[in-house]
Amino acid sequence: MNQFVKDTLNLDFPFREAQVDLLCNLLVNNQSVLPPCLFIHGPPSSGKTCLVTRLLHLIGDSIKSSIVNSVSCYTNRILFELILHDLLEDTELNNTRCDHFVQFLNVLKQARIQNERVIIVLDKCEMLEYNQIHVLSKLQELIKSYELCVIFISQVSPTIFDEDIDFIPVIFEQYNSVEINEILSKEKPKKWSKEVYNNFLTVFCGSFIGNCRDLVELKHLANLLFTKYVEPIKDGQCTELNQNLLFRKISPTIQLLLNNVYLATSLENMESLNEDKVKFEKMALDLPYYAKYFLIAAYIASFNSPKYDRQLFVKVSNKKRKIKPPKKLEISTIELVGPKIFSLDRLLAIFYAIIEENTNMTANLLAQINTLTDLGLLIRLGDGKLDSTKYKCSVGFECVNNIGKTVKFNIEKYLIDK
Amino acid sequence: MEPTVSVSKGCFVFKGKKEKKSLDSDENELWLTTYRDIWSNVKSDLDSLNTSIYSKFISDTVEFLTTATRHLPTACLLTGVNLPDHKSLFDLLATNLNKSETPVYVATLFSEHFISVKAAVTNMVSQILNSNDDESDLDESDESIKERSVVKRSECTMSALVAWFEKQAKGTRVAVLIKDYEMCPPNVLQNFLLLLSSYIDNIQIVLAIGIATTISNLHNTLPHHVVTKLHVRMFISEASVVFLNNIMDQVFLKSDCSFYLGGHILEYVTEVFLFYNFSIKQFIESLKFCLIEHLYHKPLNCICVAHESAQSALFDLLDKNTLEEITKLRSTNYKLKVDKNLKGTFLQLVKELKGCISDFHIGLRILKILVADLPHSPLGTQLREMYSIAMKKHVIESAEYKTCLQLLKFLSKDDLLIKLNKISQVLKELTDNERSDTALKLIQTYVKSIEESSLNNAVVEKKNDLDEKTNLASVSRSQFKRKLIDNLKHGDTKPMTEFEKVRSQTLDHLTNTILMQFLVPPSIMPLHELLIFDDIQSVKRKIVGEDRAAQYTALVNPQHYIDCDCCELEFPEQILKTMPDISIVYKLHLESRFNQINMYDWLQKFISIVSPDHDDENNDNNVDPVLQARFIRAVNELQHLGYIKPSKYKADHVMRLT
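Residue numbers (the working numbering), protein chains in the order written: chain A, 1 to 418; chain W, 419 to 1076.
Keep in mind the hints are simulated off the structure, nothing from the lab. Even for Gly, the Cβ is constructed at its ideal location relative to N, Cα and C. Certain hints may be false.
In silico lysine to aspartate or glutamate, EDC-like type, Cα no more than 20 Å apart, as pairs [to be verified]:
#1 W/K536 with A/E129
#2 A/K413 with A/D374
#3 W/K699 with A/D374
#4 W/K958 with A/E357
#5 W/K699 with A/D286
Computed spacing ranges between beta-carbons, pair by pair [as the list claims (entries may be wrong)]:
#6 W/S470 with A/T406: 25 to 35 Å
#7 W/S458 with A/R97: 50 to 60 Å
#8 A/N223 with W/D965: 54 to 64 Å
#9 W/S1026 with A/E357: 40 to 50 Å
Sample of chain W residues facing chain A (criterion: CB under 10 Å; computed from the structure) [said to hold, decoys possible]:
#10 G498
#11 V539
#12 E600
#13 S615
#14 N635
#15 H643
#16 Y694
Model the full structure from these sequences, guided by the hints.
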């Protein structure tokens, strides 16, 4: 039994021998006592949940198991009821509400759960509250059964939880590049020869391994890229083995995708990627006229110290604004400090100083500031009451500069870097 | 009204019978029926326009949401920053999803639902479980419908949804629309998305997220382990300015719309739109308000709008005062008198005005074809811009048109022909208009002459070469020099080709005959006030409120609102005893030169104004408690309004905030 399970798992999950061994020894042996608590952790898409689910499926006849994704357990009741639903028959449940841990224990005890081998898996356990984890880790003790095991699965290292949780750690390491290459080669499309696909993978892994180790993401990217990669072969422009030419043809696409790792799921294919980028850059600046000026004013207020305001905005008698000659700006230094807080009054004052035409302070104008906050372009600090509202500008120089260009406003002239 | 039996104190609503009666009588008033007629026309136009503009956007989204399968299909709707309009868009999307072939159940979530994951899930599930799909429920008994339609909120969990979903037909989808992404707390949204994605094996869920700013916002706020769970596709709606232009071109600026806007008012509402909020909804509401303002208790205005056949009868119903009003209209030059002929001339003038307006619209369309795509677009690129310029004064006489004409004279033969053909197309579509017929004939002759003109044949200029040469031998050096320069200039200008000459002639002729005739601004015609709404002063404050200014007037000059006799001000800084306390306190606080105001001094000043006859010697330290209470109350009101706040540094001081 044990050996059969191990072999199947090793076949499906390459490079996971150590973990498979450990898990099988702990869980599969029919006579032995089950460990009270396991903690499986490792980086994303390293096969944690998948492997455990598969293991439980293989030994499903001999045990009762429940796999719960903690994300959906936003209350105690949901957590407990999900577990009970998996473990017990409907007749035993009787639609009892189960809000507290004691109720949960009682239901389990009444159902004589002690007589059976039970494994409860809590995926993404970092989403649970601390006391839930704590209490569940002691479930074996509380229920007085040596054949009950709770498995926590998390991307978070268990050290962040309190130390008095006793668990057996099972660590899933990140796959290294050779391993990733090997795993990806299993995804070979049927139509293409092994050689072509392996050539492709060498190119692919070489470019992407530095940016991304997430296997799911890499699989997706490989899929996207391979269809593009084989296009020249399909067209007949290129033979299957002319690696150099193929690489030259694919490298622009690789460059494009490299900038969009983790975002690329968002795009059906390369074409839409290029197209949309241009389009939404245009969209970015689609703000009402005064809102644009407010954003510029907010940026100036955030990145200039108030002591320069006088110098910048007060009109001198000869009607000439006293503006420091635009010295070479090192935007980076201001940007590094980050935005400073400013008050509503200062924002309005700068707004009226930089705007050319006269406008009355209408309700609509003031509502613009709130719209900007709602859009996340300004950050409101304080409790939002009349007297103590302070703001911070949360957009970068690039964005404000672009907005400035659309209203023909040179923002660099107004930034003083001390 | 009957007394109430209830022992407890409370607020009771009596449905007033009187009010209802007065409403009924209003029901038939001329202005109301006219208003309803016009507005329902406009509304139906707007609705059809709305669906046609959104149609591609919506159908694309619906198609994606009903077909995509990988991960958690997510449509990101980049809808621009006109937040107030988003609701209608999402309603439209929801109804379209409901209508789609695959059964889709829709739940719309707003940012206020994202207080916690629990709240979001509860709301979503209850929206879905409580949506009755009528077809399947028809056979069941009433009770079962009731049972189904009310699912307790506490039972609205994901497992309930899973159980419900298993009973649905195959291929059913659950669409979750999240309206305002930026306002949702990211951590809640993140967990909510993770939760949904953990159920995709059981339930076919699709998402639509409305993003007002940019797609990068999504990537910035969601960590990658959440984003990888989604299958995102962007949908970009048209910029809101496009909507504005379409609405103007196809609904309001048409001769068959019976609500005519003046240049100033149009300029103002578009300015509000472009400068403040990009909100189509508010734009339409303000135009609606203008229409009400235009018609409300103004029977003359209503008669002008009414159909010709009804005008005469309606005119007879007018009382004497309204007839007097006609004679007082500025645009008639006070030539009209209340006599037997009044009705005839009045109706004739209205008819002429209407003719002028429809000609004006034709002229405007011709003008747009001519000048919209010129470099630097001196007259603007949109119909609404030209409309507001041309409405104010005759556009042909404006400097902008002259630059346009100059630019037009540089057009190539093909471009000019294209324009002229477009114009004749416009004119052909019109029927029953003599002027447009003659204009059409003229345009056709232009086209013919331009087509025949050749590009190469230079027209022999009647230059007096001899004359000039003799002139060269002039007397003084300076004169000689000037002559030389003149000659040089003449030499530079190449002789005009035949085409160039024809082009210049045609354009001048077009300007002077057709455009001159068609683009007569209706605002100079008699009686234009009655048909064209351009009273910007009366609506300006009402469309865009100026709350600070209003507060200031109320506090500085309370008479403006209270309308009492006692508080008339001689100069703005004057403080009178009779004013409301808060006004006195406010005006006193304006006098303070410092940021910090001493309460005691303030109180003393207050007392000296309110009861000047008090002896200072007697009550040096004890202030009349009534006056003190009044003062404190006023100060509190001021604090409530946000003009002052308690100072942290000195206990007996307050801080000025304005």
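- Message: Looking only at beta-carbon atoms, does the pair W/S470, A/T406 fall within the given range of 25 to 35 Å?
- Response: holds (29 Å)
- Taking the least C-beta to C-beta distance, is W/H643 closer than 10 Å to chain A? holds (6 Å)
- Hinted contact W/N635 with chain A - closest CB pair below 10 Å: W/N635 check passes; min Cβ-Cβ to chain A is 7 Å, inside 10 Å.
- Item | chain A contact restraint on W/S615 - CB to CB distance below 10 Å | holds (8 Å)
- Query: How does the Cβ-Cβ distance of W/S1026 and A/E357 compare with 40 to 50 Å: does it lie in that range?
  - Reply: 43 Å Cβ-Cβ, so the 40 to 50 Å window holds.
- Would you check the hint for W/K699 and A/D374, treating anything up to 20 Å between C-alpha atoms as holding? Measuring from Cα to Cα gives roughly 19 Å; hence the hint holds.
- Item | Outcome for the supplied range 54 to 64 Å, where the beta carbon pair is A/N223 and W/D965 | holds (57 Å)
- Message: Taking the Cβ atom of W/S458 and the Cβ atom of A/R97, is their distance within the range 50 to 60 Å?
- Response: holds (55 Å)
- Could you grab the alpha-carbon distance between W/K536 and A/E129 and see if it respects the 20 Å cut-off? Judged against 20 Å, a Cα distance of about 15 Å means the pair holds.
- For the pair supplied as a hint, W/K958 and A/E357, confirm whether the alpha-carbon distance does not exceed 20 Å. With a Cα-Cα distance of about 18 Å, the restraint between W/K958 and A/E357 holds, given a limit of 20 Å.
- Query: Hey, does the W/G498 contact hint survive, CB to chain A under 10 Å?
  - Reply: Hint on W/G498: holds, closest Cβ of chain A at ~5 Å, below 10 Å.
- Hint check: 10 Å Cβ-Cβ cutoff, W/Y694 to chain A: holds (4 Å)
Hint 2 alone, counting from the list given before, is not met by this structure.
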